[in-house]
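**Student:** Chains as they are written, first to last, in this note's numbering: chain A, 1 to 120; chain B, 1 to 567.
What the hints contain is simulated information worked out from the structure, not anything from laboratory work.
Among the hints, erroneous ones may be present.
[As the list claims (entries may be wrong)] Result set (EDC-like, lysine to aspartate or glutamate): computed pairs, CA atoms no more than 16 Å apart in a straight line:
id, chain 1, residue 1, chain 2, residue 2
1, B, K466, B, E562
2, B, K123, B, D83
3, A, K90, B, E562
4, A, K90, B, D151
5, B, K334, B, D151
6, B, K466, B, E310
7, A, K3, A, E31
8, A, K33, A, D10
9, B, K23, B, D257
10, B, K209, B, E330
11, A, K89, B, E421
12, A, K65, A, D86
13, B, K366, B, E421
14, A, K23, B, D151
15, A, K23, A, E109
16, B, K209, B, E49
17, A, K33, B, E41
18, A, K117, B, E565
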Amino acid sequence: MNKTILTADDSATVRQMVSFTLKAAGYDVIEAKDGQDALGKLSQPIAMVITDLNMPMLDGIGLIKGLRSHPKAKYVPIVVLTTESDTAKKQEARSAGATAWIVKPFRPEQLVAVVQKVLG
Amino acid sequence: MSLARWMRWPRQWRRSSQAAETKKILRSVGGSLEGVSSSTEGVFLQAGERLMSLQTHANEIAQLATSVAELQAGDSGALTVLDEVLAAACQLQKTGHSEKVRELQTQARAIQQAIETIGPAVKTFDVLSVMIRIESVRCEATGAIFVGLADAVTQLSQQIRERIGATAGAAGVLLETISCAAEDIGRTLQERQASLGPLTSEASAELLKIGDNRQRASQATQLLGARFSDISAAVGNIVTALQFHDIVRQQMEHTTDALRLDEAKVNAGEVARLRAAQLQHSRATFENSVKEIRQALAQVEQNAGMVAGELAGLLGISGSGDASYFSGIESGLKSILTILQGNAAADRRLREAAVSIQQPVSEISKTVAGVRTIGIEMQRIAMNATIQATRLEHSGGALEIVALAILTLARQIETSSDTLEQCLRTVREDAAAVGAAAAADSEAEGQIAILRQSAAALSSMESRSKADYTRTVALTAALQREIGETISGFGTQDECLGALDAAIQALQGVSALEATPENAAAELGMSQYTMHSERAVHRALYDAENSSDDVPAESPPLVAEENVEFF
Chain A
1 MNKTILTADD
11 SATVRQMVSF
21 TLKAAGYDVI
31 EAKDGQDALG
41 KLSQPIAMVI
51 TDLNMPMLDG
61 IGLIKGLRSH
71 PKAKYVPIVV
81 LTTESDTAKK
91 QEARSAGATA
101 WIVKPFRPEQ
111 LVAVVQKVLG
Chain B
1 MSLARWMRWP
11 RQWRRSSQAA
21 ETKKILRSVG
31 GSLEGVSSST
41 EGVFLQAGER
51 LMSLQTHANE
61 IAQLATSVAE
71 LQAGDSGALT
81 VLDEVLAAAC
91 QLQKTGHSEK
101 VRELQTQARA
111 IQQAIETIGP
121 AVKTFDVLSV
131 MIRIESVRCE
141 ATGAIFVGLA
151 DAVTQLSQQI
161 RERIGATAGA
171 AGVLLETISC
181 AAEDIGRTLQ
191 ERQASLGPLT
201 SEASAELLKI
211 GDNRQRASQA
221 TQLLGARFSD
231 ISAAVGNIVT
241 ALQFHDIVRQ
251 QMEHTTDALR
261 LDEAKVNAGE
271 VARLRAAQLQ
281 HSRATFENSV
291 KEIRQALAQV
301 EQNAGMVAGE
311 LAGLLGISGS
321 GDASYFSGIE
331 SGLKSILTIL
341 QGNAAADRRL
351 REAAVSIQQP
361 VSEISKTVAG
371 VRTIGIEMQR
381 IAMNATIQAT
391 RLEHSGGALE
401 IVALAILTLA
411 RQIETSSDTL
421 EQCLRTVRED
431 AAAVGAAAAA
441 DSEAEGQIAI
451 LRQSAAALSS
461 MESRSKADYT
471 RTVALTAALQ
481 REIGETISGF
491 GTQDECLGAL
501 DAAIQALQGV
511 SALEATPENA
521 AAELGMSQYT
531 MHSERAVHRA
541 LYDAENSSDD
551 VPAESPPLVA
561 EENVEFF
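Turn these sequences into a full structure, and let the hints steer you where they fit.
**Tutor:** As structure tokens, then:
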């Protein structure tokens, strides 16, 4: 059975490219348009979360905090995929419980390599 | 209104009018940027959807192409077997059984000759029998009667005649059987010499060509791997370039947000100058990503076309799609099979002939044994006649001569019987040897089976390859058509670039209109936006301040080298 990855991004293009890349690599992907939408999609087992930082409703940091306090997603790896490369923002994400940080844009093989590394 | 106020009024009016104009321009720029963002999103999303379909088709083509290359490279076993069988077929041509069958023919003729020599002896026996009767009559006065002796000679002579008659018939059958086999073998040999040799050489040469091509097939597999690696890299470039829509969208959002801020009202000139430069950067990024997507799509199309071309070369398929490497050898192999089957049939007939020879040989052998016995009996009679002649003293002289003649003839018959038995032994041995050799050559039937099997394997591989190739060509055409539609649907985004140009120009106009020497607004902008790319623009903006504000910032590289960090 394929592992399911939840991707949260307010950009439809980025969600589409993450989904395209991960599906081609054999993963199932659930898309969420912001942090709040992502938290509402935890009914099924999620192997990993890939989230943007700047999103409406609930941003990436809020989503990470929400996931870490959620019983079902407490230990789920979270990769931040963002245009941000600011050290303070990175530190904030790390403190909130993020596992890795990728600056957009990503190359497909790079994203797959990160996912494979994180998921073991 | 005082004079001073009246004097200030035009300036205030101008400032107020200018502020209204600036506000209008900034609002218009903000609106047009929102329009650009939403219109490009649709186009980029559509390209992304197409990309999934392109990837699926490219994967299918890759699988088919790999399958063709593997099929072409993986039939070396069939080729080796074919080569060995053809070499063995050539060897078979050199051996043959014609010499042995010629030897058999010689022996059969010798048998006939030996039989023929007995015929006159039988007639002489008859004469001698008559002579004994005459002598018996002449010596009747002395009381010596040899009628019984004469009867015995006649009787034995008759027995020899009967047996030799039967033997002559069997010898005729034997000679005919052997002659038929010799003719059959001669014809087969001639056919082999005339056709099999050249055909085998031709087929071997074609096999060498196929073998060479198979070696190229493994190299082609690597080439195909490189093509699909290029396609994969191009798809990766598209994935990366499509993400720039999001980056540009965010940059434009930041610009529109900044233009709405109060600061824009106070320091409109500086904010507009900063945002114009940022928009130039966004424009360059956008233009670069559009170019990148179009180029990558064209690269996928080009590589897919090359894959089809390389596969055609691999299969030796001509422009019409009919010929292939295998078709060059196919008819040759069919002819070789026909000849080898003919050879196998000739071998079978020879084996049958070798078996059928045994029967007349056995019959002749039995008869000859009988004749030999009669010869010995005749010698006994001759001895008896000699004794009778000795008893008659002077008057037995003639009988003695007759007895001697009978003895000589009887010995001749014995000798002929010996010769016949020797010939029959040789025939029996030669026939057995021919039968054994023909049975050994029946291995050719096994080789034919292998040849047929290998040829069928090659043929099947060829038709599967061709089917895969045809499917690949059709898929490639569909893929190229789809890419063409995607490129055309994606367009050059000139309208969006034009809208961005207009926005940049409008902001530059505002900057000129509201020229202020302070950089306070720019500092404010710096503190508000933290995106790395935007900082680069800021730096470019201030670094370039002393030279020219009109120089657009360079677009960033597609992917930063170190953009991943694990915590």
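**Student:** If you test the structure against every hint from before, which numbers come out violated?
**Tutor:** 1, 2, 4, 5, 11, 12, 14, 16
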